[in-house]
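Asks: Chains as they are written, first to last, in the working numbering: chain G, 1 to 288; chain Y, 1 to 288; chain F, 1 to 288; chain V, 1 to 288.
Just to be clear, a hint being listed does not mean it is correct.
Copies of the same chain look alike in the list, so a pair counts if it works inside one copy or between any two.
Keeping only pairs whose Cα atoms sit at most 30 Å apart, straight-line, the calculated DSBU-like set for lysine-lysine is [claimed, not checked]:
no.	residue 1	residue 2
1	K119	K187
2	K215	K133
3	K248	K60
4	K158	K133
Hint data in this document are derived by calculation from the structure and do not stem from the laboratory.
Protein chains: 4
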Amino acid sequence: MESNNRNTAILLVYCPDQRGIVANVTEFIDNNNGNIVYLDQHVDFEGNMFFMRLEWELEKFLIPAVKISDYFQTQIASKYKMQFELYFSVNKLRMAIFVSNMSHCLYDMLARHQSCEWKAEIPLIISNHETLKPIAERFNIPFHIFNITEENKADQEKKQIELLKDNGIDFIILARYMQILSPMIIKEFEHRIINIHHSFLPAFPGAKPYHSAYKRGVKIIGATSHYVTADLDEGPIIDQDVTRVSHKDPLETLIRKGQDLEKIVLSRAVYLHLHHRILTYNNKTIVF
Amino acid sequence: MESNNRNTAILLVYCPDQRGIVANVTEFIDNNNGNIVYLDQHVDFEGNMFFMRLEWELEKFLIPAVKISDYFQTQIASKYKMQFELYFSVNKLRMAIFVSNMSHCLYDMLARHQSCEWKAEIPLIISNHETLKPIAERFNIPFHIFNITEENKADQEKKQIELLKDNGIDFIILARYMQILSPMIIKEFEHRIINIHHSFLPAFPGAKPYHSAYKRGVKIIGATSHYVTADLDEGPIIDQDVTRVSHKDPLETLIRKGQDLEKIVLSRAVYLHLHHRILTYNNKTIVF
Amino acid sequence: MESNNRNTAILLVYCPDQRGIVANVTEFIDNNNGNIVYLDQHVDFEGNMFFMRLEWELEKFLIPAVKISDYFQTQIASKYKMQFELYFSVNKLRMAIFVSNMSHCLYDMLARHQSCEWKAEIPLIISNHETLKPIAERFNIPFHIFNITEENKADQEKKQIELLKDNGIDFIILARYMQILSPMIIKEFEHRIINIHHSFLPAFPGAKPYHSAYKRGVKIIGATSHYVTADLDEGPIIDQDVTRVSHKDPLETLIRKGQDLEKIVLSRAVYLHLHHRILTYNNKTIVF
Amino acid sequence: MESNNRNTAILLVYCPDQRGIVANVTEFIDNNNGNIVYLDQHVDFEGNMFFMRLEWELEKFLIPAVKISDYFQTQIASKYKMQFELYFSVNKLRMAIFVSNMSHCLYDMLARHQSCEWKAEIPLIISNHETLKPIAERFNIPFHIFNITEENKADQEKKQIELLKDNGIDFIILARYMQILSPMIIKEFEHRIINIHHSFLPAFPGAKPYHSAYKRGVKIIGATSHYVTADLDEGPIIDQDVTRVSHKDPLETLIRKGQDLEKIVLSRAVYLHLHHRILTYNNKTIVF
Chain G
1 MESNNRNTAI
11 LLVYCPDQRG
21 IVANVTEFID
31 NNNGNIVYLD
41 QHVDFEGNMF
51 FMRLEWELEK
61 FLIPAVKISD
71 YFQTQIASKY
81 KMQFELYFSV
91 NKLRMAIFVS
101 NMSHCLYDML
111 ARHQSCEWKA
121 EIPLIISNHE
131 TLKPIAERFN
141 IPFHIFNITE
151 ENKADQEKKQ
161 IELLKDNGID
171 FIILARYMQI
181 LSPMIIKEFE
191 HRIINIHHSF
201 LPAFPGAKPY
211 HSAYKRGVKI
221 IGATSHYVTA
231 DLDEGPIIDQ
241 DVTRVSHKDP
251 LETLIRKGQD
261 LEKIVLSRAV
271 YLHLHHRILT
281 YNNKTIVF
Chain Y
1 MESNNRNTAI
11 LLVYCPDQRG
21 IVANVTEFID
31 NNNGNIVYLD
41 QHVDFEGNMF
51 FMRLEWELEK
61 FLIPAVKISD
71 YFQTQIASKY
81 KMQFELYFSV
91 NKLRMAIFVS
101 NMSHCLYDML
111 ARHQSCEWKA
121 EIPLIISNHE
131 TLKPIAERFN
141 IPFHIFNITE
151 ENKADQEKKQ
161 IELLKDNGID
171 FIILARYMQI
181 LSPMIIKEFE
191 HRIINIHHSF
201 LPAFPGAKPY
211 HSAYKRGVKI
221 IGATSHYVTA
231 DLDEGPIIDQ
241 DVTRVSHKDP
251 LETLIRKGQD
261 LEKIVLSRAV
271 YLHLHHRILT
281 YNNKTIVF
Chain F
1 MESNNRNTAI
11 LLVYCPDQRG
21 IVANVTEFID
31 NNNGNIVYLD
41 QHVDFEGNMF
51 FMRLEWELEK
61 FLIPAVKISD
71 YFQTQIASKY
81 KMQFELYFSV
91 NKLRMAIFVS
101 NMSHCLYDML
111 ARHQSCEWKA
121 EIPLIISNHE
131 TLKPIAERFN
141 IPFHIFNITE
151 ENKADQEKKQ
161 IELLKDNGID
171 FIILARYMQI
181 LSPMIIKEFE
191 HRIINIHHSF
201 LPAFPGAKPY
211 HSAYKRGVKI
221 IGATSHYVTA
231 DLDEGPIIDQ
241 DVTRVSHKDP
251 LETLIRKGQD
261 LEKIVLSRAV
271 YLHLHHRILT
281 YNNKTIVF
Chain V
1 MESNNRNTAI
11 LLVYCPDQRG
21 IVANVTEFID
31 NNNGNIVYLD
41 QHVDFEGNMF
51 FMRLEWELEK
61 FLIPAVKISD
71 YFQTQIASKY
81 KMQFELYFSV
91 NKLRMAIFVS
101 NMSHCLYDML
111 ARHQSCEWKA
121 EIPLIISNHE
131 TLKPIAERFN
141 IPFHIFNITE
151 ENKADQEKKQ
161 IELLKDNGID
171 FIILARYMQI
181 LSPMIIKEFE
191 HRIINIHHSF
201 LPAFPGAKPY
211 HSAYKRGVKI
221 IGATSHYVTA
231 DLDEGPIIDQ
241 DVTRVSHKDP
251 LETLIRKGQD
261 LEKIVLSRAV
271 YLHLHHRILT
281 YNNKTIVF
């Protein structure tokens, strides 16, 4: 459901599974005059967990937006030991983009932002290199350079966090950012940092995956967007896609074909995150 | 959800959308001690229609299986002007396979049947040719030959219908059956005849789609499984898949690659039908 | 083979098939000290036609670049009734982009151009609307507006052709340009106009293919890049790609997902054209 | 090129790259009145290696089939330090199938064999379990059971090799055979044992890849056919394919969807091997 033009509330929920959750939650919305425009639930029978995404129109909803969270906690969530997140479609998320030297993902995101495909704000771009500054300027987005060395890394990340907070950043995109984030910044933005890895994870984690794929002689290459966790390339996978290669394709062709995958797979993850369609549980994603 | 080993009831529902349907239906199951193991709903906002597939365990369900339909009609369906279908996972569906001269789809289905991938019975195979009789014999399935000519078609189809009814056939698979069914038999088995068409519909409907695809120089070929309606190759699409071809591929390669698609796409549709995961509305399918 | 950094000649050839062509042509290159870095041939047995793409390094090649065509015609092509095209990797092709209101393909191409993924020049953009002018300005590319009405179409296209010629344009990209070109301009740039059609041709030719796809209930949508001919959406197909959709996807989602396909499939076609990897014969493409 | 009905010779060649190879080889065929129906070459610039597959009609070829190898060695191969393999389309390869308990790949191959999609002979099936014996009987193919324990493994494999040799087996298919072959048998059938691994290698090598894929939360699963080498799941990859999964898919669904991939990807590899379209070099395949 493309909800760009509706004034809705979006509820993401998970809790131990038991009878009656759907009935109770939808009744809560229903009784308060909310018109449900999206409901999808998922039960993980193995782990006995219940997950749901619910979206409803706020127009005639009796509970004022600012109080929904409170009411829902009291009347429903406490009863089922629920974890929940509540979002409103009117709120534009603010995203920071981290880049290094490659422009394909950055261009793709800026084009989507510019053409209003995404309801988001991009207050700033952060880089460890000057290379892509002209692109940021072309799109009138502040570009902040943080040179990273082994010595200054902790300091620089502290400054980055400060900058991100000052700008009210909701989430971070690593658009082929060639630096490993330290746990400090990862913790600060838990499940709010999206990375694009240029392989079909868990194949070829770490550096130079196209080189490894070429060497191994795979017939298909891929790209993976995932939330960043403290374990490199081990975070919850949001989306993946692949494309065929053959013995005819030298390394450069793998890289070229892969870049098309990277930008599409990354932008799909951003879209899903922007629309609050991802729940993370047990290092896996439920994508509604 | 793979429900092969559960004793469940499956409910397929559609009706005009309004507030409270999910709450009401899940409450009905809940209040009668049913444990919901699958719930997926879909709202078509354009047509203002609500669709749902619900599956729940019968073990402790208070209403006896034979009375569920009656109770649900009275307490829920009538209230919402619902159309609904109710199935039980213990009931094996009985399918008839129609073939002509090509064996790839037939073999694929018999193998799945034989290895118990499918919970179904195949009481008979019908053909307009003798060609595949040895395969039927190999798998000990009665093979009925109905030669079809322009003159005898109506008569033969009457006999086919009789045979199908005598054998309690629930649904029909056209596994590359090279005869157009007449409206009589289509009506008798409405939304219960699945065909595999060897193209990416609506591209290349009718006869010899690979020849047309080859002539047109497409770079991708496909296959489409769909319910048969009176309009040739125009029925609700259940599944489609595609594979790449190139200028290097002569017509025979298109046919060979296409056959792999056909059998997989057909068998996927059969699987979905067997598990009651397809709702048909407005000549489209909702596939849960 | 990615030939970005080699000084090579590229030969595209086709002729009636007969014994010895490959031997003769490679001997010709070989005898003149050319190092073949790419050879791919294709024989269409049905039509008895031979096709080949050959690329060789010019560094030590005995025949000067300007005379290769002449020599090849005399010594080889005339013998085999060959049609051939000869290109040099040092020559940057000049492309004109035609757009209307949608920016996704334009942005994608400008980003590739800007990041030097493409060895091409984009001297101008032509549009029938003002909408995308700011993008052209952002990338410092002249933007020419030609309002098209039924009355002025012939005149405007004459002016367009003049402008294209004055700028030494080699080929044209229709990047979701919402005007049907008249035969005059098509003839002027035969097999040098690439269009992106937002469907899996030959399914859904003409206007509003996503609307038609949505109405038909397809499970996969596609995009097709092709050379433009006088028959609308009937020209030789260069590339196609597809993506899955489901009953959950409203029309807007089809459009959104489709746009990602469009830009990738169009840019792939441009890449192939820029590298002289496409031969057109009998309204089909041989893509090396 | 589907060469089922032609009387052709097939030559697979590799050697250090140098000028004139294609010219020389095609001239050799040409001068001896061979009509080339397939030629594809590949140059690995990184490793400076040349690879070619050549197929020509034997009808009017001057050199008798039994002497081609000798003549080619003398006149061409020795000159270029070529490795080459020569095959004749009239010779049916003899394949042995190794299975354990799962039938999907076995059924798929027997169906292709039975319907003459494959020009091959299947003189025997080998298993470490009795489970699939009825299928072998259904298709009238001798079924040999070799129980394997840690103690008897060496002995049993010796007997297997003897049986394979006695039956003139050309190559072996491991159709979900759940035993690791020892180096002895691998060496005996070097690059002539094809395995299907139920993951997208190099992701999830070894045991229980679907369990690992499920645990990792991947969004795409795959299957890989490869030649078996002494390093488990590290041999040259022949083909791979993938399919989408989601959080909705429990482990059993991954397994079910994966099995469709496995049988198709394995059968594609067998087809390629049967048509001598695979060259192995440096633990990678060149697939013509």
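Asks: How would you classify K215 and K133 at a CA-CA limit of 30 Å: within, between, both, or neither?
Replies: Intra 34 Å, inter 40 Å, cutoff 30 Å: neither.
Asks: At most 30 Å between alpha carbons: which applies to K119 and K187, within, between, both or neither?
Replies: This pair counts as within: shortest intra-copy Cα distance 26 Å, inter-copy 43 Å.
Asks: When no copy is specified for K248 and K60, does a C-alpha distance of 30 Å or less occur within a copy, between copies, both, or neither?
Replies: Cα proximity of K248 and K60: across copies only (25 Å, versus 61 Å in one copy).
Asks: For the identical chains here, do K158 and K133 meet the 30 Å Cα criterion within one copy, between copies, both, or neither?
Replies: Within one copy, since 22 Å is at most 30 Å while 41 Å is not.
In summary, the one numbered hint that this structure violates is 2.
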